[in-house]
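Chemist: Take a look at the letters that make up each chain.
There are 2 protein chains.
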Amino acid sequence: MKAPIDFYFDFSSPYAYIANEWIDALAARHGRTVRRHAILLGVTFQAAELKSPVAHPIKREYSLRDFARSARYEGVPFAVPEHFPIPSQNAARVFWWLQDTQGAGVASQWARSAFRAYFVRGVDLSEPGALKVLAAASGLDAGAAEAAWNDPAWKQRLKLANEQAVAAGVFGAPYFIVDGEPFWGNDRKPQIERVLATGPF
Amino acid sequence: MKAPIDFYFDFSSPYAYIANEWIDALAARHGRTVRRHAILLGVTFQAAELKSPVAHPIKREYSLRDFARSARYEGVPFAVPEHFPIPSQNAARVFWWLQDTQGAGVASQWARSAFRAYFVRGVDLSEPGALKVLAAASGLDAGAAEAAWNDPAWKQRLKLANEQAVAAGVFGAPYFIVDGEPFWGNDRKPQIERVLATGPF
Numbered sequence: 001m002k003a004p005i006d007f008y009f010d011f012s013s014p015y016a017y018i019a020n021e022w023i024d025a026l027a028a029r030h031g032r033t034v035r036r037h038a039i040l041l042g043v044t045f046q047a048a049e050l051k052s053p054v055a056h057p058i059k060r061e062y063s064l065r066d067f068a069r070s071a072r073y074e075g076v077p078f079a080v081p082e083h084f085p086i087p088s089q090n091a092a093r094v095f096w097w098l099q100d101t102q103g104a105g106v107a108s109q110w111a112r113s114a115f116r117a118y119f120v121r122g123v124d125l126s127e128p129g130a131l132k133v134l135a136a137a138s139g140l141d142a143g144a145a146e147a148a149w150n151d152p153a154w155k156q157r158l159k160l161a162n163e164q165a166v167a168a169g170v171f172g173a174p175y176f177i178v179d180g181e182p183f184w185g186n187d188r189k190p191q192i193e194r195v196l197a198t199g200p201f
Numbered sequence: 001m002k003a004p005i006d007f008y009f010d011f012s013s014p015y016a017y018i019a020n021e022w023i024d025a026l027a028a029r030h031g032r033t034v035r036r037h038a039i040l041l042g043v044t045f046q047a048a049e050l051k052s053p054v055a056h057p058i059k060r061e062y063s064l065r066d067f068a069r070s071a072r073y074e075g076v077p078f079a080v081p082e083h084f085p086i087p088s089q090n091a092a093r094v095f096w097w098l099q100d101t102q103g104a105g106v107a108s109q110w111a112r113s114a115f116r117a118y119f120v121r122g123v124d125l126s127e128p129g130a131l132k133v134l135a136a137a138s139g140l141d142a143g144a145a146e147a148a149w150n151d152p153a154w155k156q157r158l159k160l161a162n163e164q165a166v167a168a169g170v171f172g173a174p175y176f177i178v179d180g181e182p183f184w185g186n187d188r189k190p191q192i193e194r195v196l197a198t199g200p201f
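Protein sequences, first through last, are from chains A and B.
Position one of the first sequence corresponds to residue 1 (the numbering used here), numbered consecutively onward.
Position one of the second sequence corresponds to residue 1 (the numbering used here), numbered consecutively onward.
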């Protein structure tokens, strides 16, 4: 059995959203599964002394244009949300709660649902009321989801995921590790495809 | 006649070196030419409040690995030079001297020659003696090249190129502008190919 592809993402990252739309199909074509890691880019940015691309003059305007163009290139619907970027810890804690109590399938469904809500319909994942509505619409127990994101145990779980990501060398998102080989960025898709098809190159 | 592709580069950028190896063939396949702009990333980094990827902890190690892998992906020979990054203003001034006095063909040959010297054989372009030897080996008058990089007129020409690049939105390298559409990075090759083939998408 081949090792899963580790996929690190922040719910506030447009490039991670785009990658979330193609990674499962790509993995499946090569007999792989995807192991998702919801993290907070704020933590990895601090470790690597980085900031969001939209926090830089000049690069900001390019990035907003490139987010949308890269989505169109992959055939993925996309609109820059009114509130962007946002703190995504509640959505991430829900991910880990689902991952650890209901398994990767349910957690992946939540990842897809939350990413699409934010980057297609502009649903502000940092707003607790909107997040409860989204949880319910995604088939979850909204009260239990809210309890999870306020629970110190799931806060701690996300903290652990952030620390493990930094220890693994993650400094941005999306970030992939395939058989020990790291790939940063939605634009590393062709290289990931090649390493899956023919091994290290 | 279709507009040329504007290609901005710094002789110290590994990704710009890789792109310099494929941009002419890609342009030619689509009936385009390439208009090169040698610039200093230090200037665009300052304008956009950025630093080199190798100046960041964690990202540094990834980047060194990714430079080499991205070169292999494109089938381009590459070795991280012993001195990296380096100040590249002298090589850039020689580029503009050639561009403005002998034309784009000779300047492009110099760009290819200097990039390969640095990123294949590790020739330190910031060392005047090594640069003179390289200029001679590249078919130039080495004394005239040295005079050019010490000449206030060509220093001013490079300064103008830097200012024009910042004004055009350039914040990193390689940076391309195709019919007004900006693309940053060696990894935007597939998007550039698509826009050349089928227009804006």
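Think of the hints as simulated: they come from the structure by calculation, not from any bench.
By construction, the Cβ of each residue, glycine as well, lies at the ideal position given by its N, Cα and C atoms.
Mixed in with the good hints, there may be bad ones.
Listed below are the simulated DSSO-like cross-link pairs for lysine-lysine, each with C-alpha atoms no more than 30 angstroms apart in a straight line [what the hints assert, rightly or not]:
| hint | chain 1 | residue 1 | chain 2 | residue 2 |
| --- | --- | --- | --- | --- |
| 1 | A | Lys132 | A | Lys159 |
| 2 | B | Lys132 | B | Lys159 |
| 3 | A | Lys2 | A | Lys189 |
| 4 | A | Lys155 | A | Lys132 |
| 5 | B | Lys51 | B | Lys155 |
| 6 | A | Lys2 | A | Lys159 |
| 7 | B | Lys51 | A | Lys159 |
| 8 | B | Lys159 | B | Lys51 |
| 9 | A | Lys2 | A | Lys132 |
| 10 | B | Lys132 | B | Lys2 |
| 11 | A | Lys51 | B | Lys189 |
| 12 | A | Lys155 | A | Lys51 |
| 13 | A | Lys51 | B | Lys159 |
| 14 | A | Lys189 | B | Lys155 |
| 15 | A | Lys51 | B | Lys51 |
| 16 | A | Lys159 | A | Lys51 |
| 17 | A | Lys189 | B | Lys51 |
| 18 | B | Lys2 | B | Lys51 |
To give an idea of the interface, some chain A residues facing chain B are shown, with a C-beta separation under 8 angstroms as derived from the structure [unchecked claim]:
| hint | residue |
| --- | --- |
| 19 | Ala48 |
| 20 | Glu49 |
| 21 | Glu61 |
| 22 | Tyr62 |
| 23 | Glu82 |
| 24 | Phe84 |
| 25 | Trp184 |
| 26 | Pro190 |
| 27 | Thr198 |
| 28 | Phe201 |
Now the stretches of chain B that chain A is said to cover, found in silico as 3 or more residues with beta-carbon under 8 angstroms [as the list claims (entries may be wrong)]:
| hint | segment |
| --- | --- |
| 29 | 60–70 |
| 30 | 140–151 |
| 31 | 187–200 |
Chemist: All hints, please: hold or fail.
Modeler: The hints, checked one at a time:
no. : hint                : result
1   : A:Lys132 / A:Lys159 : 22 angstroms, holds
2   : B:Lys132 / B:Lys159 : 22 angstroms, holds
3   : A:Lys2 / A:Lys189   : 19 angstroms, holds
4   : A:Lys155 / A:Lys132 : 17 angstroms, holds
5   : B:Lys51 / B:Lys155  : 23 angstroms, holds
6   : A:Lys2 / A:Lys159   : 28 angstroms, holds
7   : B:Lys51 / A:Lys159  : 28 angstroms, holds
8   : B:Lys159 / B:Lys51  : 19 angstroms, holds
9   : A:Lys2 / A:Lys132   : 37 angstroms, violated
10  : B:Lys132 / B:Lys2   : 37 angstroms, violated
11  : A:Lys51 / B:Lys189  : 25 angstroms, holds
12  : A:Lys155 / A:Lys51  : 23 angstroms, holds
13  : A:Lys51 / B:Lys159  : 28 angstroms, holds
14  : A:Lys189 / B:Lys155 : 40 angstroms, violated
15  : A:Lys51 / B:Lys51   : 11 angstroms, holds
16  : A:Lys159 / A:Lys51  : 19 angstroms, holds
17  : A:Lys189 / B:Lys51  : 25 angstroms, holds
18  : B:Lys2 / B:Lys51    : 35 angstroms, violated
19  : Ala48               : 4 angstroms, holds
20  : Glu49               : 5 angstroms, holds
21  : Glu61               : 7 angstroms, holds
22  : Tyr62               : 6 angstroms, holds
23  : Glu82               : 24 angstroms, violated
24  : Phe84               : 19 angstroms, violated
25  : Trp184              : 6 angstroms, holds
26  : Pro190              : 7 angstroms, holds
27  : Thr198              : 11 angstroms, violated
28  : Phe201              : 6 angstroms, holds
29  : 60–70               : holds (count 6)
30  : 140–151             : violated (count 0)
31  : 187–200             : holds (count 5)
Hints 9, 10, 14, 18, 23, 24, 27, 30 from the earlier list are contradicted by this structure; the remaining hints agree with it.
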